[in-house]
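Under our numbering, the letters of the sequence shown match residues 2 to 144, in that order.
Calculated directly from the structure, the hints in this document are not laboratory data.
Here a beta-carbon is modelled for each residue, glycine too, at the ideal position from N, C-alpha and C.
Be a bit skeptical, because a hint or two may be false.
For each label pair, taking beta carbons as the anchor points, the in silico distance ranges come out as [unchecked claim]:
id: 1; residue 1: Lys51; residue 2: Asp141; range: 28 to 36 Å
id: 2; residue 1: Tyr35; residue 2: Ile88; range: 36 to 44 Å
id: 3; residue 1: Tyr35; residue 2: Asp114; range: 16 to 24 Å
id: 4; residue 1: Glu60; residue 2: Gln92; range: 15 to 23 Å
id: 5; residue 1: Lys51; residue 2: Glu3; range: 37 to 45 Å
id: 6; residue 1: Ile26; residue 2: Lys6; range: 26 to 34 Å
id: 7; residue 1: Val139; residue 2: Asp114; range: 34 to 42 Å
id: 8; residue 1: Thr94; residue 2: Glu52; range: 12 to 20 Å
id: 9; residue 1: Gly28; residue 2: Glu3; range: 18 to 26 Å
id: 10; residue 1: Ser53; residue 2: Asn29; range: 14 to 22 Å
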Amino acid sequence: MERQKVIEEIENILNISRVGVMSTISGNKPNSRYMIFYNDGHTLYTKTDKESLKIDEIENNPNTHVLLGYEETSNDSFLEIDGKVEIVEDQETLDWLWQNQDKTYFDSEKDSDFTVLKINPESIKVMNDRENVGASQVVDFTE
Numbered sequence: 002m003e004r005q006k007v008i009e010e011i012e013n014i015l016n017i018s019r020v021g022v023m024s025t026i027s028g029n030k031p032n033s034r035y036m037i038f039y040n041d042g043h044t045l046y047t048k049t050d051k052e053s054l055k056i057d058e059i060e061n062n063p064n065t066h067v068l069l070g071y072e073e074t075s076n077d078s079f080l081e082i083d084g085k086v087e088i089v090e091d092q093e094t095l096d097w098l099w100q101n102q103d104k105t106y107f108d109s110e111k112d113s114d115f116t117v118l119k120i121n122p123e124s125i126k127v128m129n130d131r132e133n134v135g136a137s138q139v140v141d142f143t144e
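Build out the structure end to end from the sequences listed, making use of the hints.
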């Protein structure tokens, strides 16, 4: 699949899929959990509590792996996203996510425990795309 078609499929999945699995490293082992994601282009955002275990894990190792898609796609395709996570606390980003998110877990964007995780993709791989059987397609975002 040509790069532009892969990017279009990535953007399609990012725009229709919200619930995915985010893995971080705890000690020397993966730790995975379901998260709700929002995107701005290819960058993912998700909310979390400042006191969550994820924060400690990310501060110790910012690498993440995210699975997103499958259920919502017409062809069962999904994304494998490798990236780096940064903890974002600026009010503009908190306000943006608050306006676009599902409003669960926190009372407002001013909640002192509300923070945002920003996932900067290093590579995104389209998997299980039935229209391109046998070929997973990777886009490198570090270029």
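Quick rundown of the hints versus the structure:
1. Roughly 32 Å separates the CB atoms of Lys51 and Asp141, a value that falls within the hinted 28 to 36 Å.
2. At roughly 19 Å, the beta carbons of Tyr35 and Ile88 sit outside the given window of 36 to 44 Å.
3. A C-beta distance of roughly 19 Å is found between Tyr35 and Asp114, which places it inside the suggested range of 16 to 24 Å.
4. A beta carbon spacing of about 21 Å between Glu60 and Gln92 agrees with the range 15 to 23 Å that was offered as a hint.
5. The hint said 37 to 45 Å for the Cβ distance between Lys51 and Glu3, and at roughly 42 Å that hint holds.
6. Between Ile26 and Lys6 the C-beta distance comes to about 33 Å, which sits within the given range of 26 to 34 Å.
7. Look at Val139 against Asp114: about 36 Å separates their beta carbons, and that is inside 34 to 42 Å.
8. Between Thr94 and Glu52 the Cβ separation comes to about 19 Å, which falls inside the hinted range of 12 to 20 Å.
9. About 41 Å separates the C-beta atoms of Gly28 and Glu3, a value inconsistent with the hinted range of 18 to 26 Å.
10. In this structure the hint that Ser53 and Asn29 lie 14 to 22 Å apart at CB holds, the actual value being about 20 Å.
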